[in-house]
Amino acid sequence: MLDPKLLRQDIDDVAKRLLVKGFELDTNRFNELESKRKALQTHTQELQNIRNTKSKSIGQAKAQGQDVQALLDEVAKIAGDLENSEKEFHAVQQDYDAFLANIPNIPDESVPEGKTEDDNIEIRTWGEPTQFDFEAKEHDQLGEALGLLDFETAVQMSGSRFAIMYGPFVRLHRALIQLMIDTHTREHGYEEIYVPYLVTDKALYGTGQLPKFADDQFKVESEHNHYLIPTAEVPVTNTVRDQILPEADLPIKYTCHTPCFRSEAGSYGKDTRGLIRQHQFEKVELVWVVKPEESVEALEQLTQHAETILQKLQLPYRVVALCGGDLGFSATKTYDIEVWLPGQQRYREISSCSNCLDFQARRLHARWRNTETGKPELVHTLNGSGLAIGRTLVAILENYQDAKGNIQVPEALWPYMGHVREITAR
RNA sequence: GGAGAGGUGGCUGAGCGGUUGAAAGCGGCGGUCUUGAAAACCGUUGAGGGGUAACCCCCCUCCCAGGGUUCGAAUCCCUGCCUCUCCGCCA
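In terms of numbering that gives the first Met the number 0, the first sequence opens at residue 0 and continues consecutively.
Take the hints with a grain of salt, since some may be wrong.
Under the rule of at most 30 Å between Cα atoms (straight-line distance), these lysine-lysine pairs were calculated in the BS3-like manner [unchecked claim]:
{"hint": "1", "residue 1": "290", "residue 2": "4"}
{"hint": "2", "residue 1": "15", "residue 2": "4"}
{"hint": "3", "residue 1": "403", "residue 2": "37"}
{"hint": "4", "residue 1": "201", "residue 2": "37"}
{"hint": "5", "residue 1": "218", "residue 2": "201"}
{"hint": "6", "residue 1": "201", "residue 2": "374"}
{"hint": "7", "residue 1": "4", "residue 2": "35"}
{"hint": "8", "residue 1": "211", "residue 2": "37"}
{"hint": "9", "residue 1": "37", "residue 2": "76"}
{"hint": "10", "residue 1": "311", "residue 2": "403"}
{"hint": "11", "residue 1": "290", "residue 2": "201"}
{"hint": "12", "residue 1": "201", "residue 2": "35"}
{"hint": "13", "residue 1": "37", "residue 2": "86"}
{"hint": "14", "residue 1": "53", "residue 2": "35"}
{"hint": "15", "residue 1": "76", "residue 2": "53"}
{"hint": "16", "residue 1": "37", "residue 2": "4"}
{"hint": "17", "residue 1": "15", "residue 2": "290"}
{"hint": "18", "residue 1": "290", "residue 2": "374"}
{"hint": "19", "residue 1": "61", "residue 2": "37"}
{"hint": "20", "residue 1": "136", "residue 2": "403"}
{"hint": "21", "residue 1": "61", "residue 2": "76"}
{"hint": "22", "residue 1": "269", "residue 2": "211"}
{"hint": "23", "residue 1": "211", "residue 2": "201"}
{"hint": "24", "residue 1": "403", "residue 2": "269"}
{"hint": "25", "residue 1": "114", "residue 2": "211"}
It is worth saying that the hints were derived from the structure and are not from the lab.
Kindly generate the complete structure, drawing on both the sequences and the hints.
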């Protein structure tokens with residue numbers, strides 16, 4: 000959520016900057032709500048003040064044994080007004096909050112203009128696109144030919160966008176999780192955390208997936224109003240909800256492996272084959288909770304931590320800065336890491352690293368105590384994939400294939416694979 | 001699943017329906033003392049929001065959440081959520 004004060008002070012500037020994200024802020028609607036809110040709030044509070052004052056004198060008068068009928072009559076006179084005023088105020092307040100809840104975060108000054116991923120700016124590349132002296136195959140062909148990847152059987156029990164894997168692929172998949180978690184905990188200073196995979200609507204609201212993106216979530220039918228998590232970002236970031244963190248606890252750096260569930264509504268026809276866009280996939284997430292002045296640098300570090308994994312796996316990639324139109328709801332700035340896929344002959348997103356500033360923190364009431372001022376202030380939150388497991392598996396299959404369609408195991412994974420160095424047909 | 005107990009500030013923990021936004025302790029901050037630190041002593045210290053250009057200041061709201069009773073609710077009533085203890089079941 001944006002700071003309402005910012006909107007009151009300079010709504011035209013906010014509207015201008017949100018346009019970079021392709022969001023049209025209804026400034027008239029806001030100004031209307033704001034003037035209503037102000038009038039009703041001050042009026043309500045005036046009446047409350049009168050009631051409180053009179054009630055207090057009733058107590059005092061009674062204590063002295065005086066007659067209080069006159070005072071009771073006075074309070075009764077404003078009772079109706081007060082009730083109406085309170086009701087109207089609460090109604091406007093609700094509209095006001097709902098309006099604010101649908102406004103995305105303001106993009107950072109550095110965010111390039113643009114509408115689609117074609118307008119993203121390449122920041123750096125690492126490695127050279129893999130070359131073969133044969134025609135590179137796509138991962139799903141490779142996997143199915145080896146008998147280790149099976150989409151057809153998955154369709155029978157779950158429909159499209161699900162997969163079944165066997166033996167070495169599952170082990171490779173598990174090895175990737177281990178490599179990532181070990182790297183982040185041992186080399187990058189993260190604490191590993193385990194979290195619920197079912198969360199409430201409140202939790203999703205806190206990180207910004209609700210109310211706007213309800214269609215992207217899987218809701219579980221039960222008495223609890225649970226949703227399957229679309230990313231570990233949701234439960235992990237929610238660990239600081241309603242907290243006032245001591246300054247000494249910051250920065251908090253969590254890494255977390257979870258499955259993720261996404262309905263992929265609105266992506267019909269996109270990536271219908273293969274493991275790229277599944278309803279269920281695994282991810283190792285990186286989440287930072289920091290003091291405001293540290294978040295800009297934190298995004299750089301977090302992104303590098305994710306890159307480290309690709310470097311260890313010797314997978315060529317590039318980092319792009321997302322343009323305004325491609326930026327997520329809660330993010331002010333995002334770097335995507337895209338890995339080279341020889342089968343597809345293009346870079347594909349494998350990680351998305353975002354700084355949310357205080358946007359999520361305001362929704363979560365996540366604060367830290369500033370020892371200089373002694374006051375609680377909002378933290379900044381960041382998150383990024385470090386990395387998406389399924390897509391990393393895809394990248395390995397395509398970059399480490401040989402002419403026979405077998406897969407060489409990257410050296411960094413040998414210790415996690417019982418020193419198996421080659422994956423062959425089942 | 002059955003039976004009890006309870007949810008109060010950063011933490012622990014008091015609180016006859018009426019100057020209680022809340023005793024006390026801990027912690028934090030400031031000071032005295034000290035070469036310095038500790039101890040001791042004194043003072044200070046909840047959060048959110050609104051009014052104001054802003055400070056001072058003033059006002060409102062908040063004692064798990066949502067309703068209700070009342071002139072007035074942390075306190076009484078209802079519902080929900082959560083926690084703890086005991087029993088049962090169980091990966």
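(request) Just pull the numbers of the violated hints for me, sorted ascending. (result) Per hint list: 3 and 19 violated.
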